[in-house]
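Here are the chains, one letter per residue:
2 protein chains.
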Amino acid sequence: MNTQKHFTLLKTCDNARAGELNTPHGKIPTPVFMPVGSQATVKTLTPEDVKSLGFNMILTNTYHLYLRPGVDVVKKLGGLHDFMGWGGAILTDSGGYQVFSLSPLCKITDEGVKFRSHIDGSEHFLTPELAVKYQEALGADVIMVLDECSAYGDAKEKIQKAMDRTHRWAKRCLKSHKTKNQALYAIVQGGMFPDLRKASAEYLTQLDFPGYAIGGLSVGEPKDVTFPLIEQTTALLPPAKPRYLMGVGAPEDLVEGVARGIDMFDCALPTRVARNGALYTRQGRVNIRRAIYSKIDKPIDPSCDCYTCRTFSAAYLNHLFRAEELLALRLATNHNLRFLNNLMKDIRSAIMDGTFDRFAKSFLKTYQTTNEQTRVAQKGKWLKGRK
Amino acid sequence: MNTQKHFTLLKTCDNARAGELNTPHGKIPTPVFMPVGSQATVKTLTPEDVKSLGFNMILTNTYHLYLRPGVDVVKKLGGLHDFMGWGGAILTDSGGYQVFSLSPLCKITDEGVKFRSHIDGSEHFLTPELAVKYQEALGADVIMVLDECSAYGDAKEKIQKAMDRTHRWAKRCLKSHKTKNQALYAIVQGGMFPDLRKASAEYLTQLDFPGYAIGGLSVGEPKDVTFPLIEQTTALLPPAKPRYLMGVGAPEDLVEGVARGIDMFDCALPTRVARNGALYTRQGRVNIRRAIYSKIDKPIDPSCDCYTCRTFSAAYLNHLFRAEELLALRLATNHNLRFLNNLMKDIRSAIMDGTFDRFAKSFLKTYQTTNEQTRVAQKGKWLKGRK
Numbered sequence: 001m002n003t004q005k006h007f008t009l010l011k012t013c014d015n016a017r018a019g020e021l022n023t024p025h026g027k028i029p030t031p032v033f034m035p036v037g038s039q040a041t042v043k044t045l046t047p048e049d050v051k052s053l054g055f056n057m058i059l060t061n062t063y064h065l066y067l068r069p070g071v072d073v074v075k076k077l078g079g080l081h082d083f084m085g086w087g088g089a090i091l092t093d094s095g096g097y098q099v100f101s102l103s104p105l106c107k108i109t110d111e112g113v114k115f116r117s118h119i120d121g122s123e124h125f126l127t128p129e130l131a132v133k134y135q136e137a138l139g140a141d142v143i144m145v146l147d148e149c150s151a152y153g154d155a156k157e158k159i160q161k162a163m164d165r166t167h168r169w170a171k172r173c174l175k176s177h178k179t180k181n182q183a184l185y186a187i188v189q190g191g192m193f194p195d196l197r198k199a200s201a202e203y204l205t206q207l208d209f210p211g212y213a214i215g216g217l218s219v220g221e222p223k224d225v226t227f228p229l230i231e232q233t234t235a236l237l238p239p240a241k242p243r244y245l246m247g248v249g250a251p252e253d254l255v256e257g258v259a260r261g262i263d264m265f266d267c268a269l270p271t272r273v274a275r276n277g278a279l280y281t282r283q284g285r286v287n288i289r290r291a292i293y294s295k296i297d298k299p300i301d302p303s304c305d306c307y308t309c310r311t312f313s314a315a316y317l318n319h320l321f322r323a324e325e326l327l328a329l330r331l332a333t334n335h336n337l338r339f340l341n342n343l344m345k346d347i348r349s350a351i352m353d354g355t356f357d358r359f360a361k362s363f364l365k366t367y368q369t370t371n372e373q374t375r376v377a378q379k380g381k382w383l384k385g386r387k
Numbered sequence: 001m002n003t004q005k006h007f008t009l010l011k012t013c014d015n016a017r018a019g020e021l022n023t024p025h026g027k028i029p030t031p032v033f034m035p036v037g038s039q040a041t042v043k044t045l046t047p048e049d050v051k052s053l054g055f056n057m058i059l060t061n062t063y064h065l066y067l068r069p070g071v072d073v074v075k076k077l078g079g080l081h082d083f084m085g086w087g088g089a090i091l092t093d094s095g096g097y098q099v100f101s102l103s104p105l106c107k108i109t110d111e112g113v114k115f116r117s118h119i120d121g122s123e124h125f126l127t128p129e130l131a132v133k134y135q136e137a138l139g140a141d142v143i144m145v146l147d148e149c150s151a152y153g154d155a156k157e158k159i160q161k162a163m164d165r166t167h168r169w170a171k172r173c174l175k176s177h178k179t180k181n182q183a184l185y186a187i188v189q190g191g192m193f194p195d196l197r198k199a200s201a202e203y204l205t206q207l208d209f210p211g212y213a214i215g216g217l218s219v220g221e222p223k224d225v226t227f228p229l230i231e232q233t234t235a236l237l238p239p240a241k242p243r244y245l246m247g248v249g250a251p252e253d254l255v256e257g258v259a260r261g262i263d264m265f266d267c268a269l270p271t272r273v274a275r276n277g278a279l280y281t282r283q284g285r286v287n288i289r290r291a292i293y294s295k296i297d298k299p300i301d302p303s304c305d306c307y308t309c310r311t312f313s314a315a316y317l318n319h320l321f322r323a324e325e326l327l328a329l330r331l332a333t334n335h336n337l338r339f340l341n342n343l344m345k346d347i348r349s350a351i352m353d354g355t356f357d358r359f360a361k362s363f364l365k366t367y368q369t370t371n372e373q374t375r376v377a378q379k380g381k382w383l384k385g386r387k
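So the protein lines, in turn, are chains R and Z.
The first sequence begins at 1 in my numbering and counts up one residue at a time.
The second sequence begins at 1 in my numbering and counts up one residue at a time.
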């Protein structure tokens, strides 16, 4: 893997960076938000929709696809791109996070992790080598090392142990990685402890991966803990390599992440909240189910260029949500993803123009952050998974 | 209403007819199948999708829209077409069938029908005059009289009483109908009794409606009862007026209906079974959830030109259904509706060419009919509604 070719840093603006990922499925301008399609589908949307929303790269999940329909099935059907009809780039998560958060039982040894399927309870064993092998078979453009995920609130000693194992596993992943056209990223761990994050970033940097992810953040901790940790970690990562902040995608967090040197994001939140009727506007999130929208004959965001806003009134969306119509979920997903794509484009333009700082301040001043109940729910689920 | 203008009969082929409806929202070639969008949305699809599938006319439901979001709301938002973003023609059912089948309680007098909302239990009163008024406010191109629906298995005397009331109501609907650009259709009732059907057709014909529907069929009775009744009824209806068979839409029934002189159909079945994974092919219905499809790297119907078949393998669809992904519902709906649109086009071409009889025989020979469990379910629901 020629790591120089995988990423080009084009411009910086303080810590914010504009660049370009070079993948077998096209060049991806960064900073980039990747919609989540865990089960080889971005919920409610066709690949054609996702493309027309402006996205060139999505995320799918090895854990989910390994369990259903099976890695071998996807491979025989021509790999992930052919299977799901997506011509853009794909990043597969290794499944580490899902094993720890979804499996009703998981047992970790140095060799790997034994877990049960959340679908049928069947027992499985995943090692760093198998995680790489499965991702090579799926055929994504960017693949991830297997990591051991800690839970927010775990003792430092426990987190350090998990981090050390993540490091040993990263080395094994790198060693077993055979394909030339897939970029294998490492994952920096270390919980909420700056010294552990520093140790993790330093250890993984010397292994020379083509890209670095930051894992284990946005798992329930307050944001005044998250943001300094991101900033400290990116400062220790090689500038020539892309930095990927896993599982973060609320609009304000994208701006804050870019301001701290992040190039790539993924998150199920924007599409999940859409299906609950929470729609993004530059003024903040609105709940389309509220009665005040039932008679509004204007789009939810008159400045938005998405199909939903160009075609339907807030009143019609309100009706679809209240009537529990399936189209509601699709139109809302369409809107939120277009919002994020437009936001990332604006962010990138501002970086290229050298005005990112002004843009970020203006956006964060206007955008009303909401009580992120989804995060709390996520945390609850996460802790439930830790038996 | 100039009834000559509303429908033009272009060609007959034995009893089968090809014609054209003239509506304020375009000319509609007949025979036509109208997708059902009860709540002002064809489930899972955008109006753009419905149009690109080839449809120019859909059905929505007065009962549903009266209860939610309310007729006044839709009217203030510019009427049904603007509200749902649909530029084609719309037929609204009066809500008679839904009052009888969905309301937990309904009480009929000559004046009208008192019923409870299936949503919140609130009490409502619907009269023939109100049914017309609501449909005029919604703004559909074709509107329906309020009828009293009988249940399959009711005694003849009861059915005759309901039919007589339906006739009195039809007269009142006609009298109260004010708008010039909406065609009001009558509904022939009379249960499974040929003499009642005859009486109903004759009575309503002399009132000179621009179109005639046949109601109360396909409600659980065997098909060897349905088909002769359709044939006997259409024989009594004026050839210059369109005939609409309500609630019928299985592929084989469309062919059989056209063969007996029907011009218009609607049915929720094709989209409902799609959401259960039952997909139409010219060989019959297949269940995409079956394990045999999990590894098939070909479309479900290689001869089909729909987006689903052009883009995805049967294996991918099987995966989406098994993984309970929302996209599955949309792709299956897309396929079944395209199948029906293609079928209606082929039927019409065959009529125009004078070869419908051959087409129908060939289609019915190849198409394997299935055990229509949906009908039985429908019947159960229907009877449950009759308290």
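Watch out, some of these pointers could steer you wrong.
Copies of the same chain look alike in the list, so a pair counts if it fits in one copy or across any two.
Straight line, CA to CA, 20 Å or less: simulated SDA-like cross-link-like pairs of lysine to any residue [said to hold, decoys possible]:
#1 K11 - I108
#2 K361 - Q206
#3 K178 - F363
#4 K76 - T311
#5 K75 - S294
#6 K75 - I296
#7 K158 - R290
Read the hints as simulated data drawn from the structure, not as lab findings.
Results of checking the hints against the structure:
no.: 1; hint: K11 - I108; result: neither (42 Å within a copy, 75 Å between copies)
no.: 2; hint: K361 - Q206; result: neither (35 Å within a copy, 74 Å between copies)
no.: 3; hint: K178 - F363; result: neither (43 Å within a copy, 53 Å between copies)
no.: 4; hint: K76 - T311; result: between (40 Å within a copy, 17 Å between copies)
no.: 5; hint: K75 - S294; result: between (47 Å within a copy, 13 Å between copies)
no.: 6; hint: K75 - I296; result: between (49 Å within a copy, 13 Å between copies)
no.: 7; hint: K158 - R290; result: neither (44 Å within a copy, 46 Å between copies)
Consistency with the previously given hints fails for numbers 1, 2, 3 and 7, ordered from lowest to highest.
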